[in-house]
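Add chain B to chain A, keeping to what the hints say.
Okay, here's what each chain looks like letter by letter:
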Amino acid sequence: DPFTPRFDPQTDPFWDPPKPLLQDPMKPPGAAGSRAMQATRAALRRRFLLSLAAARGQRVTFILCQHGRVGAVGGNDGGAAAAFQVDALQTPLGVQRAALLRGRDVVAFGFQVAEK
Amino acid sequence: QKPILLQGHERSITQIKYNREGDLLFTVAKDPIVNVWYSVNGERLGTYNGHTGAVWCVDADWDTRHVLTGSADNSCRLWDCETGKQLALVKTSSAVRTCGFDFGGNIIMFSTDKQMGYQCFVSFFDLRDPSQIENNEPYMKIPCSDSKITSAVWGPLGEFIIAGHESGELNQFSAKSGEQLSNIKEHTKQINDIQTSRDMTMFITASKDNTAKLFDCTTLEHLKTFRTERPVNSAALSPIFDHVVLGGGQEAMDVTTTSTRIGKFEARFFHLAFEEEFGRVKGHFGPINSVAFHPDGKSYSSGGEDGYVRIHYFDPQYFEFEFEA
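Here the protein sequences line up with chains A and B, keeping their order.
In case it helps, the UniProt record's numbering puts the first sequence at residues 1 to 116.
In case it helps, the UniProt record's numbering puts the second sequence at residues 1 to 325.
So that you can see chain A by itself, here it is in the shape it has in the complex:
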């Protein structure tokens, strides 16, 4: 196909996670529909968005896959997208003024909640 991945509606090289080698046995098909599951997801999502908002402007430590660890300042990401926008990302190659960390690469993040 002479069309590059840019014109393929099924793929999005920037966003798509790498294909899993094995099917996840913990994830039965079609389980996402139950009401209790949805309520749990909504509560978790809300907590996640609140934590993102609290991280804005704070020094944040990101724990990445394969034990990677980087520090940054929480950015202005609205939380809607599947990525973390950060400022002053410290990497072994230097400090990046602004950067985007893909959601799927981040295992956890932590920061000191600012005192009011």
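Calculated directly from the structure, the hints in this document are not laboratory data.
The structure displayed is predicted, hence computed values, not measured ones.
By construction, the Cβ of each residue, glycine as well, lies at the ideal position given by its N, Cα and C atoms.
One thing to keep in mind: the hints can contain errors.
As the list claims (entries may be wrong) - Derived DEER-like restraints, expressed as beta-carbon distance ranges:
#1 B/Phe319 x A/Val113: 41 to 49 angstroms
#2 A/Gly94 x B/Gln1: 20 to 28 angstroms
#3 A/Leu93 x B/Leu181: 51 to 59 angstroms
#4 B/Gln115 x A/Arg104: 28 to 36 angstroms
#5 A/Arg41 x B/Phe278: 31 to 39 angstroms
#6 B/Asp216 x A/Leu44: 51 to 59 angstroms
#7 A/Cys65 x B/Asn106: 50 to 58 angstroms
Then chain B, alone, in the frame of chain A:
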């Protein structure tokens, strides 16, 4: 001045477009969300919900009453701009790649991909005759048996359309009879984007062959070439200056394998007459897929693979810039 970041898509941006007055910016992406924003402050006005697949193209009519979108869900949809209501759905046999209103806002045209045994077509519907959309019977359908159409725009006065093909060819097709009026092949690889000048005397093409080219709308005479070292995904002409902005970049998957190209996601500004680059604006985290000048020329926007749309207002220096000959 710091750019305004619009974050309303979770997939790569496919196209962004201002309305005629420039107060609104429409953005579409590989997700099914169609967004419209206030360009002055980046506030989201609303969304047009209905598509079920990647949306490839968007256009607004002259008085911003209607919005037109084309999608990989095999449909072209017409929306009421203000209420967000879907007014019409035209089902197609393959993905809708490019679409647009004519000058008067009465005729819509869109091209469909060559897919699964279906040919590439350009279809024309007259909105003043509701039966055409109701019965899915365009008043004209131009087949493209050779190289499929990858971008198309209306010519001045709605007399013809200008189509760019995956081969790099450009064709003029009459909007009345469908006949091929003119043909030229200056690009060597597919044409990713075509945008006309504000007065519609010229248009600029963005191509995978690493160049953008300027042409005369009526004669298709090739006027200028702007060269870069990577595919150009989109190009736009300033409405007030002799400036051109190009957006492009390597595919994201290429970036991981060729580390020397990391970070090269900039919008590039060229002087129209001298064909020379005079500025670059960094900021996107991935290749830029669509660029557009605000109709007043005082700002421009870019949409990238990273899902962000950035609105840049030019510094005072931009307006004082004098190109040294």
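Hint-by-hint comparison with the structure:
The supplied range of 41 to 49 angstroms is met by B/Phe319 and A/Val113, whose beta-carbon atoms lie about 45 angstroms from each other. Judged by the Cβ atoms, the range 20 to 28 angstroms given for A/Gly94 and B/Gln1 holds: they are separated by roughly 26 angstroms. A/Leu93 and B/Leu181 have their C-beta atoms about 54 angstroms apart, which keeps the hinted 51 to 59 angstroms range intact. Distance hint for B/Gln115 and A/Arg104: a CB-CB separation of about 30 angstroms, consistent with the stated range 28 to 36 angstroms.
A beta carbon spacing of about 50 angstroms between A/Arg41 and B/Phe278 contradicts the range 31 to 39 angstroms that was offered as a hint. Checking the proposed 51 to 59 angstroms range against B/Asp216 and A/Leu44 shows it holds: the Cβ atoms sit about 58 angstroms from each other. A hinted range of 50 to 58 angstroms holds for the C-beta pair A/Cys65 and B/Asn106, which are about 54 angstroms apart.
In summary, the one numbered hint that this structure violates is 5.
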